[in-house]
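The listed protein sequences derive, respectively, from chains A and B. Per this note's numbering, the very first residue in the first sequence carries number 1; after that it's consecutive. Per this note's numbering, the very first residue in the second sequence carries number 1001; after that it's consecutive.
Derived by calculation from the structure, the hints in this document are not laboratory data. Every residue, glycine too, gets a C-beta built ideally from N, C-alpha and C. Heads up, a few of these hints could be off.
[To be verified] Here are some chain B residues pointing at chain A (derived, C-beta under 10 Å): (1) Pro1056; (2) Asn1059; (3) Val1113; (4) Phe1143; (5) Leu1145; (6) Thr1147; (7) Lys1149; (8) Ala1192; (9) Met1194; (10) Asp1197; (11) His1239; (12) Pro1241; (13) Ala1245; (14) His1248; (15) Ile1351.
[To be verified] What follows is a set of in silico ranges between Cβ atoms, one per label pair, in the way DEER data are often shown: (16) B:Asn1191 <-> A:Gln6: 26 to 32 Å; (17) B:Asp1268 <-> A:Lys115: 50 to 56 Å; (18) A:Gln6 <-> B:Gly1353: 28 to 34 Å; (19) B:Leu1190 <-> A:Gly23: 40 to 46 Å; (20) A:Gln6 <-> B:Pro1240: 14 to 20 Å; (21) B:Leu1190 <-> A:Pro15: 43 to 49 Å; (22) A:Arg24 <-> B:Gly1295: 24 to 30 Å; (23) B:Gly1353 <-> A:Ala76: 52 to 58 Å; (24) B:Arg1257 <-> A:Pro105: 42 to 48 Å; (25) A:Ala133 <-> B:Asp1268: 50 to 56 Å.
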Amino acid sequence: MSTYPQPHEDAINAPLLAAWREGRLALQRCKGCGKAIFYPRPMCPHCWSEALEWFDASGRGTIVAYSLVFKPHNEAFDAELPVILVEVELEEKALMLSRIVGAKPDAVRSGLKVKLVPMPDAKRYPLPTFCLA
Amino acid sequence: MEREIGIVGYGQTPYTKRATQPLIAYLGEATRRALASAGLGRADVDGLAVGAFQLPPDNAVTLAEQFGITVSFAWFFTAGGAGSVSAVMAAMRAIEAGQADVVVCVAGDCYDVGAHYRLMGNFNQALSNYALPHGFGGPNGLFALVTRKHMERYGTTREQFGRICVGQRASAVLNDNAMLRSPMTMDDYLNARMIADPLRLYDCVLPCAGAEAVVVAALDRVPKAKRVRVRAAREQHNHPPGEVAPLHIGAALFRDRLYADAGMGPQDMQFVQAYDDYPVMVAIQLEDLGYFGPGEAPSFLAKHSFAWNGSFPLNTGGGQLSCGQTGAGGGMIGLWEAVAQLRHEAGARQIKGVTRGLVSGYGMVGYGHGLGSAAIILERAA
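Bound-form chain A, shown alone (with noise of 0.2 Å):
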């Protein structure tokens, strides 16, 4: 199996990173508007605070709008398409792209329920990741 792009680790997505390595959903709050933020900022894109805290999302959300991509054009997913993309709202109203793993493609709808794959599958796979709920 050839392995999956991995996202690049810098000082502002490392709290995200470690997190999900441990197969937590951690995102961003403004202490100034108190909105949760993703993907990880430097500073809050609502109003610019930069006093910014992590803190673990409930890991649940639902579909927005999804799609069933045939082509990646990357062979680490051939054996597993179509890759089930979804745009999902988290609990927190956060948007995010992520995908759908362990669910036939036609059983996928908007407006399901989602929540993050339990470890250890969480280990497989470089970001966030969800299954239906």
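Since chain A is already given, all that's left is putting chain B on it; use the hints.
Structure of chain B alone, referenced to chain A:
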């Protein structure tokens, strides 16, 4: 008396499925052709605006060195498929400010399918870090999300989107430079190979190699029949902020000012050239540019035909969906076609007696959707 600034030349290279020459050669060829169409030459150029994803580490200044010209205005696009309209706006401001007299705006890339995916894997930091590791499928995956949302929220059908693609193909049949110019039926469109459900093959642009250029200068540099006046232009980027796959673009914010500046409305346009990486984005541009009300794309698409001689002439050279996408040149193809039409030089697909039209640019995929939006209203000056 103040001289009016506008578009005085346009040039296009042949499109090829794979690059037959380096990018800088394509950019040079488009530049020479654009200047020739204006009766101008190398010695006249004192400004250069360039858009090409593959140009870095080169830039507008090093391109001037490659071309062997000295320039007093050098500008490198940043808004993808919206960048070419933005470039014309920047060139006009530079000329009005006295910074330059003749600015070539050139865009293109040596795209093919492989190069396109290599580029999309490293397009911007957020995509590389947070989408590529999911196998997101490049823009096909992202615009499949937008398309699904449009279908589920508004009830748009694949057949309605297909009317855009089929109509444009009918125009491409008359365009020798289109990569795809055999006739296409609705059945061909609906039954094509699945790429990223709900997108099939003919929903997706074909990456290719090539370049386009336009020349911005005082209109009196060229004979009257070759003058294309700019009535209004606006741009707006990263709207709406914070969304991944929205059904609106920046045009929603500038539309009213654009038409007010022009003293015209959407119904006064005799064609629209709208950035067509995917048909859903054409529908979204048309909504945000005022052609129908919120969520009314299904009835508009069902009612109109979109070939050059249809009830709504759209991307009258076939657009990127039939001609191919030359990377950043995808933002210039609509300007090129608009100038050809307004100079009455569009050959077999010429709209008879056409005097004005709208070009809408869109692009620069971020974390999800395209962030850039720009539009320009052009008019035949003769």
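Here's how the hints hold up against the structure:
Checking B:Pro1056 against chain A by beta carbon gives a least distance of about 18 Å; that is not within 10 Å, so the hint is violated. Annotation: B:Asn1059 was flagged as interfacial toward chain A, and the flag is violated, the nearest CB pair being 24 Å apart, outside 10 Å. Interface restraint check for B:Val1113: the shortest CB-CB distance to chain A comes to about 8 Å, inside 10 Å, so the restraint holds. Because the beta carbon of B:Phe1143 sits about 9 Å from the nearest beta carbon in chain A, less than 10 Å, this interface hint is met.
At a threshold of 10 Å, the smallest CB-CB gap from B:Leu1145 to chain A is about 4 Å, leaving the interface hint in force. Hint status for B:Thr1147 relative to chain A: holds, with the closest Cβ pair at about 8 Å, below 10 Å. Hint status for B:Lys1149 relative to chain A: holds, with the closest Cβ pair at about 4 Å, below 10 Å. Among the interface hints, the one on B:Ala1192 is violated; its C-beta lies about 12 Å from the nearest C-beta in chain A, farther than the 10 Å criterion.
Interface hint status for B:Met1194: upheld, as the beta-carbon distance to the closest one in chain A is roughly 6 Å, under 10 Å. With a cut of 10 Å, the hint placing B:Asp1197 at the interface with chain A holds, because the nearest CB-to-CB distance is about 4 Å. For B:His1239, the interface hint is violated, the least distance from its beta-carbon to any beta-carbon of chain A being 13 Å, above 10 Å. Residue-level restraint check for B:Pro1241 holds (minimum Cβ-Cβ distance to chain A is 7 Å; threshold 10 Å).
Among the interface hints, the one on B:Ala1245 holds; its C-beta lies about 5 Å from the nearest C-beta in chain A, closer than the 10 Å criterion. A least Cβ separation of about 15 Å between B:His1248 and chain A goes past the 10 Å threshold, and the interface hint is therefore violated. Residue-level restraint check for B:Ile1351 is violated (minimum Cβ-Cβ distance to chain A is 36 Å; threshold 10 Å). A hinted range of 26 to 32 Å for the beta carbons of B:Asn1191 and A:Gln6 is inconsistent with their spacing of about 38 Å.
The beta-carbon spacing between B:Asp1268 and A:Lys115, approximately 53 Å, falls within the hinted interval of 50 to 56 Å. For A:Gln6 and B:Gly1353, the Cβ-Cβ distance of about 58 Å falls outside the hinted range of 28 to 34 Å, so the restraint is violated. About 43 Å separates the C-beta atoms of B:Leu1190 and A:Gly23, a value consistent with the hinted range of 40 to 46 Å. Checking the proposed 14 to 20 Å range against A:Gln6 and B:Pro1240 shows it is violated: the Cβ atoms sit about 30 Å from each other.
Distance hint check: the CB atoms of B:Leu1190 and A:Pro15 are about 47 Å apart, consistent with the given range 43 to 49 Å. For A:Arg24 and B:Gly1295, the Cβ-Cβ distance of about 39 Å falls outside the hinted range of 24 to 30 Å, so the restraint is violated. Distance hint check for B:Gly1353 and A:Ala76: the Cβ-Cβ separation is about 55 Å, which falls inside the suggested range of 52 to 58 Å. A hinted range of 42 to 48 Å for the beta carbons of B:Arg1257 and A:Pro105 is consistent with their spacing of about 44 Å.
A beta carbon spacing of about 52 Å between A:Ala133 and B:Asp1268 agrees with the range 50 to 56 Å that was offered as a hint.
Hints 1, 2, 8, 11, 14, 15, 16, 18, 20, 22 from the list above are not met by this structure, while the remaining hints are.
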